[in-house]
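J.: Quick note, the sequences are listed as chains A and B, same order. To convert, count from 1 in the first sequence and add 40; that's our numbering. The numbers in our numbering rise by one with no breaks, and the one at position 80 of the second sequence is 73.
Don't read these hints as lab results, they were simulated from the structure. Among the hints, a few may not be true.
Said to hold, decoys possible - Which chain A residues stay away from chain B? Per the calculated CB distances, all over 12 Å, these: (1) D43; (2) K56; (3) G127; (4) D152; (5) C163; (6) I201; (7) S214; (8) V228.
As the list claims (entries may be wrong) - Pair ranges (Cβ atoms, derived): (9) I194/A x H12/B: 18 to 24 Å; (10) V10/B x D130/A: 35 to 41 Å; (11) A22/B x S179/A: 49 to 55 Å; (12) G143/A x A17/B: 33 to 39 Å.
Glycine included, every Cβ here is placed at the ideal spot set by N, Cα and C.
Each chain is listed here by its residues.
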Amino acid sequence: MADQALAAQSAFSELKPVQSAALSIEVRDGLTIASIAAGKGKAADVRAVMQKAFGIDLPDRPLRVEGGGISVIWHGPDQWLAIAPRGAGDRDLESELAALLDGIAAVTDQSDGRAVVRLSGSCVRDVLAKGVPVDLHASAFASNGVAITHASHIGIVLWQIDETPTFEIALFRSFADSFAHWLAHASVEFTAG
Amino acid sequence: MRFNCPCCGERGAEEFVYHGDAAATRPDANSPTAMADFIAYTYERTNAAGVHRELWYHAAGCHLWLVVARNVMNHQIISVARARDVALAQTAQATCGAQSNGGT
Chain A
41 MADQALAAQS
51 AFSELKPVQS
61 AALSIEVRDG
71 LTIASIAAGK
81 GKAADVRAVM
91 QKAFGIDLPD
101 RPLRVEGGGI
111 SVIWHGPDQW
121 LAIAPRGAGD
131 RDLESELAAL
141 LDGIAAVTDQ
151 SDGRAVVRLS
161 GSCVRDVLAK
171 GVPVDLHASA
181 FASNGVAITH
191 ASHIGIVLWQ
201 IDETPTFEIA
211 LFRSFADSFA
221 HWLAHASVEF
231 TAG
Chain B
-6 MRFNCPCCGE
4 RGAEEFVYHG
14 DAAATRPDAN
24 SPTAMADFIA
34 YTYERTNAAG
44 VHRELWYHAA
54 GCHLWLVVAR
64 NVMNHQIISV
74 ARARDVALAQ
84 TAQATCGAQS
94 NGGT
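Pulled out of the complex, with its shape left as it was, chain B reads as follows (with noise of 0.2 Å):
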C-alpha cells in the first residue's frame, strides 16, 4: 500500500500508523444516552466490506494526520486528506448548519 500524503508525495504504508475509524462522530457526553452512545462509538463497527474512512498518522514523515479513504477488499487507496482540513470543513458546515437554523 502507498499512501499519497499531501506534504511528502507517495510513501510507502511501512511510514504510517493506523489511527482508527474517521467516520465515526463523537457523541454528545450530556445526552441521557451517553453511555451507550460511548459504547457503540467505541466499539461497534459494521467492518462492512467496501470503503472506508480512516485516520493515519504520517509517524515516520511530516506527522500529518490524515483522512484516508480505503478500499479494504483490495487496498486501493480512493483519497488522502489532512485531516486537519476535513474537521475545518465540518465545523465550518456545522456553524453554517447552525445558523441557518437559527435564521428567520
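One chain only, chain A, in its complex shape (with noise of 0.2 Å):
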C-alpha cells in the first residue's frame, strides 16, 4: 500500500474569504487551542500559575486578555478558553498548559474540535445581528467582550478584538460548513456587487 501523508484540512471548505473595508472574513487556521477548566476549589491557584507564566489575570467574567504570546477566553465559570498560533514551531498549548496546571485544572486539546473565524469592518455587527441574540452595539458589547450564545441556533463563543470592529467566533468543527451557509446569506447584502 503507497504511504498517504495526512494533511490538516481547514474546517471551513465551503467558506469564500471576503475583503472589504465595510466586511471581511478570514478563516483562521493554524491554532492551538485548548480549554482549561479550574478543579474543584482550585481556581486560586490556576490563577496563580497563569499569571506568573503568561502574566495574565484569568477572568472572572466574560472577558478576553491577552498576554505571554496567547489569548484567553472566558468560556464559563472557572473555565478559559487558551488560543495561539501554532506558528513555525508548532506549538502544542495542551501539553504546555497540562504541564503548568497538573492537579489543579483539566487542560483538554480543543484545535481540531473548534473553527475559528475572524469577521472585521464597519457592516459586521449588521451580519451579526442577523443570527447573533446578544446586543454587540458598541455601547453595550467592547474589545476584549466575550459572549457564549448561538448563532443561527449553532453554539458560538464570540469575541471583540478591536472597535474596527473584529470579532472572532469560535464553534464546534462539525458545524462549520452550516454556520458558514448562514454568513454567507447574512453578509451577501454587504458582499454583492
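Hints are included, so try docking the two chains, each in its own frame, into the full complex.
T.: Shown next, in the form of C-alpha cells:
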C-alpha cells in the first residue's frame, strides 16, 4: 500500500474569504486551542500559575485577556479557552498548559474540535445581528468582551478584538459548514457587486 | 422571557432549558414512608398560580444551573441565582441547625 501523508484540512470547506472595508471574513486556521477547567476549589491556584507563566489575570466574567503569546477567553465559571497560533514551531498549548496546571485543572486539546473565523469591518454588527441574539452595539459590548451564545441556532463563543470592529467566533468544527452557509446569506448584501 | 444570568447578563429564554421544580426537597430514602414521599416528590405539584421557584440550565451559554423565581401568570422573572450558591446556603443553614440542635 502506498504511504499517504495526512494533511490538516480547514473546517470551512465552503467559506469564501471576503475582503473589504465594509466586511472582511477570514478563516483562522493553524491555531492551537486548549480548554482549561479549574478543579474544585483550585481556581485561585490556576490564576496564580497563569499570572506567573503568562503575566495575565484570568477573567472571572465574560472577557478576553492577552499576554505571554496567548489569548485567553472566558468560557464559563472557572473555565477558559487558551488560544495561540501554532506557528513554525508547531506550538501545542495542551501539553504546555497541562504541564503547568498539573493537578489543579483539566486541560483538553480543542485545536481540531473548534473552528475559528474572524469577522471585521464597518458592517460586521449588521451581519451578526441577523443570527446572534446578543446586543453587540458599541454601547453594550466592547473590545475584549466575550459572549457564549448561538448564531442561527449554532452554539458559538464570540469575542471582540478591536473597535474596527473585529470579532472572532469559535464553534464546534462539525457545524462549520452550516455556520458558513448562514454567514454567506447574512453577509451577501454587504459583499455582492 | 429574558433571564438575567449571573454570568452572561440578560439573555433570551431560548438559551435556557427548564429542569424542574427548585422548591421540592429530596426526601430521606431511609424513612419508613420513603415510597410515598418519593412519589409525592416526583409527581405531586400544586401548580399554584403565582410565583414558582424553578431550576433552569443555561445550555447555550455558560452552562450554569440557576434557581429562578418566576411568576407563571405573567412570566415576570423575580430573581435569578446560581443554584450552587442556593444549595451551599441551604447546606450552611442545615449545618447551623444541626449544630444549634446539638448544642447545650
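J.: Tell me the numbers of any earlier hints that the structure contravenes, in ascending order.
T.: none
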